[in-house]
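**Student:** Below are the chains, spelled out letter by letter.
2 protein chains.
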Amino acid sequence: MRVESERLRFEIGARDGAARAGTIHTAHGPIATPAFIPLATKGTVRGLESAEVAELGYELILGNTYHLFVSPGPDRIAAAGGLHGFIGWEGALITDSGGFQVFSLAHGGVANEVKGSGRSGGEKGSEVKITEQGARFRSYRDGSELFISPEVSMQVQAALGSDIALVFDECTPFHADREYTARSTERTHRWLDRCLEWHRQNGSEHQAVFGIVQGGVHEDLRRESAQRVSEAPVDGIAIGGTLGRDKAEMHGVLAMTAPLLPEAAPKHLLGIGEVDDLLGGIALGLDVFDCAVPTRLARHGVALCPNPDKRWRLDLRKSGWVGNREPLVDGCPCPACRHHDRDYVSYLSRAEELTAVRLIVVHNLTYMHQLTTHARAAIEAGTFAAYRTAVLAGASPWDAAKSAT
Amino acid sequence: MRVESERLRFEIGARDGAARAGTIHTAHGPIATPAFIPLATKGTVRGLESAEVAELGYELILGNTYHLFVSPGPDRIAAAGGLHGFIGWEGALITDSGGFQVFSLAHGGVANEVKGSGRSGGEKGSEVKITEQGARFRSYRDGSELFISPEVSMQVQAALGSDIALVFDECTPFHADREYTARSTERTHRWLDRCLEWHRQNGSEHQAVFGIVQGGVHEDLRRESAQRVSEAPVDGIAIGGTLGRDKAEMHGVLAMTAPLLPEAAPKHLLGIGEVDDLLGGIALGLDVFDCAVPTRLARHGVALCPNPDKRWRLDLRKSGWVGNREPLVDGCPCPACRHHDRDYVSYLSRAEELTAVRLIVVHNLTYMHQLTTHARAAIEAGTFAAYRTAVLAGASPWDAAKSAT
Chain Y
1 MRVESERLRF
11 EIGARDGAAR
21 AGTIHTAHGP
31 IATPAFIPLA
41 TKGTVRGLES
51 AEVAELGYEL
61 ILGNTYHLFV
71 SPGPDRIAAA
81 GGLHGFIGWE
91 GALITDSGGF
101 QVFSLAHGGV
111 ANEVKGSGRS
121 GGEKGSEVKI
131 TEQGARFRSY
141 RDGSELFISP
151 EVSMQVQAAL
161 GSDIALVFDE
171 CTPFHADREY
181 TARSTERTHR
191 WLDRCLEWHR
201 QNGSEHQAVF
211 GIVQGGVHED
221 LRRESAQRVS
231 EAPVDGIAIG
241 GTLGRDKAEM
251 HGVLAMTAPL
261 LPEAAPKHLL
271 GIGEVDDLLG
281 GIALGLDVFD
291 CAVPTRLARH
301 GVALCPNPDK
311 RWRLDLRKSG
321 WVGNREPLVD
331 GCPCPACRHH
341 DRDYVSYLSR
351 AEELTAVRLI
361 VVHNLTYMHQ
371 LTTHARAAIE
381 AGTFAAYRTA
391 VLAGASPWDA
401 AKSAT
Chain A
1 MRVESERLRF
11 EIGARDGAAR
21 AGTIHTAHGP
31 IATPAFIPLA
41 TKGTVRGLES
51 AEVAELGYEL
61 ILGNTYHLFV
71 SPGPDRIAAA
81 GGLHGFIGWE
91 GALITDSGGF
101 QVFSLAHGGV
111 ANEVKGSGRS
121 GGEKGSEVKI
131 TEQGARFRSY
141 RDGSELFISP
151 EVSMQVQAAL
161 GSDIALVFDE
171 CTPFHADREY
181 TARSTERTHR
191 WLDRCLEWHR
201 QNGSEHQAVF
211 GIVQGGVHED
221 LRRESAQRVS
231 EAPVDGIAIG
241 GTLGRDKAEM
251 HGVLAMTAPL
261 LPEAAPKHLL
271 GIGEVDDLLG
281 GIALGLDVFD
291 CAVPTRLARH
301 GVALCPNPDK
311 RWRLDLRKSG
321 WVGNREPLVD
331 GCPCPACRHH
341 DRDYVSYLSR
351 AEELTAVRLI
361 VVHNLTYMHQ
371 LTTHARAAIE
381 AGTFAAYRTA
391 VLAGASPWDA
401 AKSAT
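Chains as they are written, first to last, in this note's numbering: chain Y, 1 to 405; chain A, 1 to 405.
You may find that some hints are simply not true.
Computed cross-link-like contacts, PhoX-like style, restricted to lysine-lysine with a CA-CA straight-line distance of at most 25 Å [to be verified]:
(1) Y/LYS247 with Y/LYS310
(2) Y/LYS318 with A/LYS42
(3) Y/LYS402 with Y/LYS310
(4) A/LYS310 with A/LYS247
(5) A/LYS402 with A/LYS318
(6) A/LYS318 with Y/LYS42
Treat the hints as calculated values from the structure; they're not laboratory data.
Required output: the full structure, derived from the provided sequences and hints.
**Tutor:** Next comes the structure, spelled out in C-alpha cells:
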C-alpha cells in the first residue's frame with residue numbers, strides 16, 4: 001500500500017478498540033470517518049440536488065461507473081469538467097469500477113445474488129461474457145454491445161474525475177463454488193495489476209485508487225487476497241464480494257477479513273450500510289460504507305427509526321398511521337421530523353407524491369449521518385462500545401450518544 | 001360585497017392604469033398582489049415541502065377540495081388542525097369548491113373542455129349526476145358514491161380551515177350552448193346564496209368567501225352574473241367558467257368581464273397562469289391567479305423561459321442539450337439555474353430522475369414569483385405597461401423590470 005501519497009492521505013485521530021475516528025484527505029476536501037456514503041448512482045442522490053447533500057453534512061458520495069458509462073457516457077461527463085462539474089458537487093467523489101453491476105448481470109442479474117439469494121449464474125451469464133480480457137455485455141438502454149476491462153474501467157473513472165477510483169474486480173456471488181471463487185479471485189488480482197498499471201501511465205495524480213479484497217467466504221482466499229492487495233501500491237482497501245448467506249456469516253467473514261488489512265489503510269466496506277452492520281464494521285476498524293438501502297427505502301415509504309426488532313424500519317405505507325401526530329423519529333433534526341407527522345408523510349407516500357420520497361430521503365440520510373457522526377464522537381470519547389450497545393438496544397443515535405457518555 | 005370584514009381586508013397600495021398593487025390581509029398573514037398561487041392539489045406542491053414553498057416567497061397556496069374530499073377526507077384533515085396543520089403550511093390558504101373537478105368529470109372528464117377543446121358532455125355526464133340539490137359522482141379511488149352540494153362544499157372547506165373558501169359553482173364548458181349556460185349560471189347564483197347561508201350559520205369568522213362569476217362567453221350573462229355576485233356578501237370575486245375557444249376570445253371575455261366587478265374587491269382569475277395571460281389579467285385589474293401549468297410542466301421536463309415564440313417553454317426532454325453549459329434561464333436566482341446547466345437538467349429529466357422534477361418545479365415557481373413581484377414593483381413605479389411589453393417581447397421578468405424603469 002502507498003501511505004500518504006499526494007493523492008490521498010489518511011489520518012487516524014482517535015482509536016477505541018479496533019474502531020478509529022479518522023480523516024481522509026482528498027483533492028476535494030477532507031472526509032471525517034467513520035462515514036456513510038450516499039449513492040449518486042446515475043449522477044444524483046435520489047431527489048436531492050448536490051448542494052442539498054452537502055447541507056446534510058456529507059463530504060463524500062459515490063457515482064456508479066457502470067450506469068454513467070451506459071448513460072450519459074464518459075465523454076459527456078468529461079466535457080462538463082468530470083462528474084464534479086456535471087452534477088455540481090464540490091465535495092469528494094468515489095466511483096466504483098462497474099464490476100459489481102456487470103457481474104450482477106452475469107450471475108443472475110440481481111444484487112441479492114451476491115448476498116446469497118437469487119439464481120446462480122456462472123462465467124457465461126446470458127447477458128455477460130467474462131474473459132481474461134474483461135466483460136462484454138449489452139446496454140440495457142439500446143442493446144448495443146459494451147465492453148469493460150480493467151483498462152476501460154480506469155479510463156472511464158479518469159473521465160469521471162473521481163477523487164477515489166475502485167479497481168475493476170469480479171464480484172463473486174455466494175453461489176459460486178470454491179474453485180470458481182479461487183480462480184475468479186486470482187483473476188481479480190491480475191486485473192488489479194492492470195488497473196494500477198493503467199493508472200500509473202495515464203491516471204491523474206489527484207485520483208487515488210482503492211484495491212478490492214475478494215475471496216468469498218473462504219478464509220484462505222480472503223487471506224491471500226488481503227495480502228495481495230495490501231502489497232500493491234493502492235491508496236486504500238475495499239472489501240467486496242459475497243460475505244455469506246446471512247448476517248451471522250457476514251459478521252464472521254468480516255471479523256476474519258478486517259484484521260488482515262494494514263492498519264494505516266482507509267477501509268471501505270462495499271454495499272453494506274444497515275444500522276447494525278455499519279456499527280459492526282466500525283467496531284472492526286472499517287471506515288467508510290456505501291449502501292443503496294437508505295435512499296431506496298424512501299421510494300417505498302420506509303423511514304429509518306430506532307427499532308432493532310423491525311430492522312430499523314418504519315413502514316409508512318402500512319395502514320395505522322391515520323391521526324398519528326408523532327414525527328417519524330422523535331428528536332430527529334431533519335425537516336420531515338421537525339415540520340411534519342407520520343399521518344401526513346404516510347398520506348403523501350400512499351398517494352405516491354414525490355414530496356414523500358423527498359422527505360424520507362432527507363430523513364434517512366440525516367439518520368445515517370447522525371449514526372456515523374455520533375459514532376465518531378463516541379470513538380473520540382472512548383465510549384464506542386456503549387454507544388453501539390445502546391443503538392443495538394433501540395436508542396436513536398443522538399440518545400445513544402447521551403447515554404454512552 | 002362586504003368590504004373590510006374581519007375575515008378579510010384588501011388594501012390597494014398603488015395603481016397603474018387598471019392594474020393595481022395591493023395586499024390581501026388574511027387570518028394567516030398578508031398576500032402581496034398581484035400574486036401567482038401555486039397548487040397544493042392533494043396537500044403538497046409537487047415535490048416541495050410547505051416550508052420550501054414559503055422560502056420561494058409564496059404567501060398563498062391553493063388546496064383542491066375535490067381531491068382532499070376524496071382522500072384523505074375532511075375528518076382526517078380537521079383532526080390535524082385543518083389543512084394548515086395537516087401539511088405544515090403557516091401562510092394563507094385558499095380552497096376551491098370542488099366544482100371545477102366535479103363538472104370537469106361531467107362535461108367530458110378533462111379540464112381542457114372548459115377551455116374549448118375536448119368532448120361535449122351535458123347535465124347528465126356518465127359519471128356525474130347534477131341536480132338542483134348538487135352533484136352525485138363516484139370516487140375515482142374506490143368507486144363509492146359521493147355527493148357534493150353547496151352546503152357539503154362549504155362544510156368540507158370549513159373542515160379544511162382555509163383562509164379563503166370559494167363558493168360551489170358549475171363550471172360551464174365551452175361546448176355548452178347559450179341556453180344551458182344561462183340555466184347553469186342561474187343555478188350557480190342560487191348555489192351562491194346557499195353557500196353564503198351555510199357559511200353565515202356555520203362558518204368560521206376567520207374564513208373569507210369568494211363568489212364566482214360565470215356566464216361563459218356571453219356578455220349579458222357575464223354582466224348579470226357579475227352584478228349578482230357583487231351584490232352578495234362575499235369577500236372577493238373570482239372569474240370562472242369557459243373564457244372561449246382560444247386566447248383571443250379569452251382576452252375579449254376578460255376585458256368585458258373585469259370592469260363589471262367592484263373596484264374594491266380582490267379578484268381571482270381561476271385556472272389561468274401562463275405568462276402572457278397573467279400579465280393580461282393584471283392589466284385588467286385582476287389580483288391573484290392559480291394555475292397547474294408551472295408545476296405540471298416540470299413533470300414533463302419543461303422549464304419556463306423568456307421565449308414568447310415557444311410560449312415561454314424550454315423543453316429539456318428534447319435532444320440538443322448535450323454539452324450546453326447555459327443555465328435554464330440566464331440570471332435566474334433559483335438553485336437550478338445557479339448550480340446547474342441545461343446539459344445536466346436535461347440528462348436528469350430524460351433519465352426520469354426525481355431530482356429533475358424538483359429542480360424544474362423550483363425554477364418554474366421562482367420564475368412565476370419573479371414575474372408577479374416585478375409586476376408589482378412596476379405598478380408601484382407606474383411602469384407596468386413598459387414592463388409587460390418587455391416581457392411579451394421576450395425579456396425575463398428581472399430584465400424587463402430593469403428596461404421598464
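**Student:** Kindly indicate which numbered hints from before are broken by the structure, ordering the numbers from low to high.
**Tutor:** Per hint list: single violation, 5.
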